[in-house]
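Kindly produce the complete structure, drawing on both the sequences and the hints.
Listed here are the chains, written in short residue letters.
Protein chains: 2
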Amino acid sequence: MKTAHGALQTPFFMPVGTNATVKCLSSEELKELGAQLLLSNAYHVYLRPGLEIVDLFGGLHGMMNWDKPILTDSGGYQVFSLTKFRKITDEGVTFQSHIDGSTHVFTPKTVMEIQKILGSDMIMPLDECAPYPCGHKQAVEALERTTRWAKEAKEAFALLHKDAGAPEQILFGIIQGAAYEDLRRRSAEEIINVGFDAYAVGGVSVGEPVDLMFATLDWVMPLMPEDRPRYLMGIGMPDQIVRAVGEGVDMFDTCIPTRYGRNGTAFTSQGKVVIRNAPYAKDMGPVDPACSCFVCQNYTRSYIRHLVRTGEILGLRFLTYHNMYFYIYLMQDIRRAIDEDTFPAFKKEFLRKYEGAVTC
Amino acid sequence: MKTAHGALQTPFFMPVGTNATVKCLSSEELKELGAQLLLSNAYHVYLRPGLEIVDLFGGLHGMMNWDKPILTDSGGYQVFSLTKFRKITDEGVTFQSHIDGSTHVFTPKTVMEIQKILGSDMIMPLDECAPYPCGHKQAVEALERTTRWAKEAKEAFALLHKDAGAPEQILFGIIQGAAYEDLRRRSAEEIINVGFDAYAVGGVSVGEPVDLMFATLDWVMPLMPEDRPRYLMGIGMPDQIVRAVGEGVDMFDTCIPTRYGRNGTAFTSQGKVVIRNAPYAKDMGPVDPACSCFVCQNYTRSYIRHLVRTGEILGLRFLTYHNMYFYIYLMQDIRRAIDEDTFPAFKKEFLRKYEGAVTC
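Order-wise, the sequence lines are chains C and U. The opening position of the first sequence corresponds to residue 1 in our numbering, with each subsequent residue numbered one higher. The opening position of the second sequence corresponds to residue 1 in our numbering, with each subsequent residue numbered one higher.
Simulated from the structure, these hints should not be mistaken for lab results. Just to be clear, a hint being listed does not mean it is correct.
To be verified - Non-contacting residues of chain C with respect to chain U, defined by C-beta distances greater than 12 Å in every case (computed):
{"hint": "1", "residue": "Ser26"}
{"hint": "2", "residue": "Gly34"}
{"hint": "3", "residue": "Gly50"}
{"hint": "4", "residue": "Lys68"}
{"hint": "5", "residue": "Thr89"}
{"hint": "6", "residue": "Ala158"}
{"hint": "7", "residue": "Leu159"}
{"hint": "8", "residue": "Gly195"}
{"hint": "9", "residue": "Gly207"}
{"hint": "10", "residue": "Trp219"}
{"hint": "11", "residue": "Pro222"}
{"hint": "12", "residue": "Arg352"}
Claimed, not checked - Okay, the calculated bits of chain U under chain C, using three or more residues with CB under 8 Å as the criterion:
{"hint": "13", "region": "55–68"}
{"hint": "14", "region": "276–290"}
{"hint": "15", "region": "297–309"}
Said to hold, decoys possible - Capping the alpha-carbon separation at 25 Å, the derived lysine-lysine pairs in BS3-like fashion look like this:
{"hint": "16", "chain 1": "U", "residue 1": "Lys68", "chain 2": "U", "residue 2": "Lys2"}
{"hint": "17", "chain 1": "C", "residue 1": "Lys109", "chain 2": "C", "residue 2": "Lys87"}
{"hint": "18", "chain 1": "C", "residue 1": "Lys68", "chain 2": "U", "residue 2": "Lys282"}
{"hint": "19", "chain 1": "U", "residue 1": "Lys116", "chain 2": "C", "residue 2": "Lys282"}
{"hint": "20", "chain 1": "U", "residue 1": "Lys282", "chain 2": "C", "residue 2": "Lys116"}
{"hint": "21", "chain 1": "C", "residue 1": "Lys282", "chain 2": "U", "residue 2": "Lys162"}
{"hint": "22", "chain 1": "U", "residue 1": "Lys2", "chain 2": "U", "residue 2": "Lys31"}
{"hint": "23", "chain 1": "U", "residue 1": "Lys31", "chain 2": "C", "residue 2": "Lys31"}
{"hint": "24", "chain 1": "C", "residue 1": "Lys154", "chain 2": "C", "residue 2": "Lys87"}
{"hint": "25", "chain 1": "C", "residue 1": "Lys137", "chain 2": "C", "residue 2": "Lys2"}
{"hint": "26", "chain 1": "U", "residue 1": "Lys162", "chain 2": "U", "residue 2": "Lys109"}
{"hint": "27", "chain 1": "C", "residue 1": "Lys348", "chain 2": "C", "residue 2": "Lys272"}
{"hint": "28", "chain 1": "U", "residue 1": "Lys84", "chain 2": "U", "residue 2": "Lys137"}
{"hint": "29", "chain 1": "C", "residue 1": "Lys137", "chain 2": "C", "residue 2": "Lys162"}
{"hint": "30", "chain 1": "C", "residue 1": "Lys162", "chain 2": "C", "residue 2": "Lys31"}
We put the CB at the ideal spot given by N, CA and C, even for glycine.
This is how it looks when you write it as structure tokens:
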């Protein structure tokens, strides 16, 4: 997959940098970890520091000192999940900032304008993400609005990118349809008919059972063009990623490695390890004996538990770093297995070890 | 100055690692920054993770993955400043942990035993730090107890270090005497009479005016042997360090660079800069134009302000890193000026620039 800031090897995982920073990690550490790209949230960056400031940097890359690709979401999901007051019409969504209550409007067109200023390599159109559970009628409305907005986004994108100075950006189409097979298929057909460079499955990871998320993949993946990147938004746990790759997904993003790290939990070859728990107080081994990250090479579970218990930032840093390494190298292992035509065996073995692990 | 973990160039500054971690920074970053050594607090480490766990590591060095010298304080200062309940007798101090209220006893002897387990290169005896302000009578009592405890610490130290397997440690004597010239001189004479490898001035930076702290130096420095390291405990701001070096002080420790960093303030060649303030919102310059640290080479005031305002850990990390660089390179500049016999001119110029700076 090619972008203005370099080629990407698929399938890949995107570290999440909500406020134009991946929590606890510097851009230099992300590169050292082998991150190919990162994701940032348009909603958050639009509110703080605001577009005027991002524009002074010529976009997010300059601001963050990051020269690899960036994907930004549309901000729509955050409007639905974070704001207390919002009003959706066919024109767009009016909402009050969760920070200071100020009023803002996102339309399919302004969301393209915002992401043009952010200068991200991959951008998402405004969509309506239905909640879970959601009635069929409400799901139809969200689906129809998402298709309408997809068309408007594509038109706005074309106009904004006529200009020779415009950043090179890849616009995705987003498939909605909630938990309904008929609607998921209909949304996939409509969005693919509008025509995009790449496609995303949205409206998952909104509280539905994991099985339903995989059912959704069963419904829509066969409809999605194989020659275009396929992105499963907001997923997921390591075992979910491995399973979803088996269904053909190329792109993932999740704040799980950073969020779990800050909560004192490590992902390891032996499953999740809650380092803050008592059994690790005198554990002189590394976070993950099978890991060759900087933290596992130099520090013990005992010391990291001490740091986490005393509320020291270094503890959060170490676990975040390790978890990010785990995710990035999991994707490397997956790509190697695919290259070597051994992915089915890799998947079976990974799930056996990971799901069979006793987590503590 | 020679220690079991290498030689030290004086005068130097010790980054403070209260909970066996210098807040926000890894041991590797401290080395990269050129830190020669660090300080840790016996009181905190004794309570968490506790001596049993530190002993499993063979001491603090192994636990922290730090192979350069460590100085630990006695824990006495923390008992006086952090605990709600404590009882001082001539034998020692009984106190309740500020964490869980559990009861503990520090005596001159146990404080030597604790620091032997910590394995620090430089250790401090239990002393009684009088508050400010403090009546003459109370100050006399604290002084007399400090001298008695110094003798007992020296005896316990000798016994504990008979054993060939004991760590190589340098025991300091601490001069007390509150804000009274007669008592400061008396304490210096008594402690020097007991006889130590190095001497510290304690009971400063407890809320007294800066001028009084320098008066204390005037009183005691002429009495302290020139061939032994002289340590001014818990000091200070950059200008105070430069002035105190002029009075002959060799060793400093302060949590100012880390604490100010976490509060959004940077030390610069132009004085203190409160990065979180509005004037820096669109400031595309580095934290300190005269600084060549990693943060100043790669990031702007505007981005760091954004990180601080959004509560992102990376903002605290960047300012802590920069401030630590500022302190460590200030000490390098001081040593160079001393080597080149230009310290008086350096001091004058530094204070002119630093104190004349408009801070914002």
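Results for each hint:
Once the 12 Å rule is applied to beta carbons, Ser26 of chain C is inconsistent with being away from chain U; the minimum gap is 6 Å. A cut-off of 12 Å between C-beta atoms confirms that Gly34 of chain C is not in contact with chain U; the least separation is 18 Å. The non-interface label for Gly50 of chain C is inconsistent with chain U: the shortest C-beta to C-beta separation is roughly 9 Å, within 12 Å. With a least beta-carbon separation of about 15 Å from chain U, Lys68 of chain C lies farther than 12 Å from that chain, consistent with its non-interface assignment.
Listed as a non-interface residue, Thr89 of chain C keeps its Cβ farther than 12 Å from every Cβ of chain U; the least gap is roughly 30 Å. Distance check on Ala158 of chain C: its Cβ is at least 32 Å (rounded) from any Cβ of chain U, clearing the 12 Å threshold; non-interface status holds. Every CB of chain U is more than 12 Å from the CB of Leu159 of chain C (nearest about 29 Å), matching its label as outside the interface. Its beta-carbon lying about 37 Å from the closest one in chain U, Gly195 of chain C satisfies the requirement of being farther than 12 Å from that chain.
Annotated as non-interface, Gly207 of chain C keeps its C-beta farther than 12 Å from every C-beta of chain U; the closest such distance is 26 Å. In this structure Trp219 of chain C is separated from chain U by more than 12 Å, as the shortest Cβ-Cβ distance comes to about 38 Å. At roughly 41 Å, the least C-beta separation between Pro222 of chain C and chain U is larger than 12 Å, which holds for a residue marked as non-interface. Consistency note on Arg352 of chain C: stated as away from chain U, and its beta-carbon is indeed over 12 Å from all of that chain's, at 34 Å minimum.
Closer than 8 Å: that is the beta-carbon criterion, and the region 55–68 of chain U has 5 residues meeting it against chain C, so the requirement of 3 holds. For the region 276–290 of chain U, the stated coverage by chain C is satisfied: 3 residues place a CB nearer than 8 Å to a CB of that chain, which reaches the threshold of 3. Check on the region 297–309 of chain U: 9 of its residues sit with their Cβ under 8 Å from a Cβ of chain C, so the three-residue criterion for coverage holds. Proposed proximity of Lys68 of chain U and Lys2 of chain U is supported: the alpha carbons are some 11 Å apart, at most 25 Å.
A distance of roughly 17 Å separates the Cα atoms of Lys109 of chain C and Lys87 of chain C; the hinted pair therefore holds under the 25 Å criterion. Taken as a hint, the Lys68 of chain C and Lys282 of chain U pair is honoured in the structure, with Cα atoms around 24 Å apart against an allowance of 25 Å. A threshold of 25 Å between alpha carbons decides the hint, and for Lys116 of chain U with Lys282 of chain C the separation of about 20 Å falls inside it, so the pair holds. Of the supplied pair hints, the one linking Lys282 of chain U and Lys116 of chain C holds, its CA atoms being roughly 20 Å apart against a limit of 25 Å.
For the hint pairing Lys282 of chain C with Lys162 of chain U, the CA-to-CA distance comes to about 29 Å; that exceeds 25 Å, so the pair is violated. In summary, the hint linking Lys2 of chain U to Lys31 of chain U is supported, as the alpha carbons are separated by about 18 Å, within the 25 Å threshold. Only pairs whose Cα atoms come within 25 Å are accepted, and Lys31 of chain U paired with Lys31 of chain C is accepted, the gap being roughly 21 Å. This hinted pair checks out: Lys154 of chain C and Lys87 of chain C have alpha carbons roughly 23 Å apart, not beyond 25 Å.
With a CA separation close to 39 Å, the supplied pair Lys137 of chain C and Lys2 of chain C exceeds the 25 Å bound. A hinted pair counts as satisfied when its Cα atoms are at most 25 Å apart, and Lys162 of chain U with Lys109 of chain U qualifies at roughly 15 Å. Between Lys348 of chain C and Lys272 of chain C the CA atoms are separated by roughly 18 Å; this keeps the pair inside 25 Å, and the hint holds. Note on Lys84 of chain U and Lys137 of chain U: the hinted pairing holds, with a Cα-Cα distance of about 23 Å set against a maximum of 25 Å.
Of the pairs offered as hints, the one joining Lys137 of chain C and Lys162 of chain C is violated, with about 38 Å between alpha carbons and a cut-off of 25 Å exceeded. At most 25 Å may separate the alpha-carbon atoms for a hinted pair to count; Lys162 of chain C and Lys31 of chain C exceed this at roughly 33 Å.
The structure shown violates the earlier hints numbered 1, 3, 21, 25, 29, 30.
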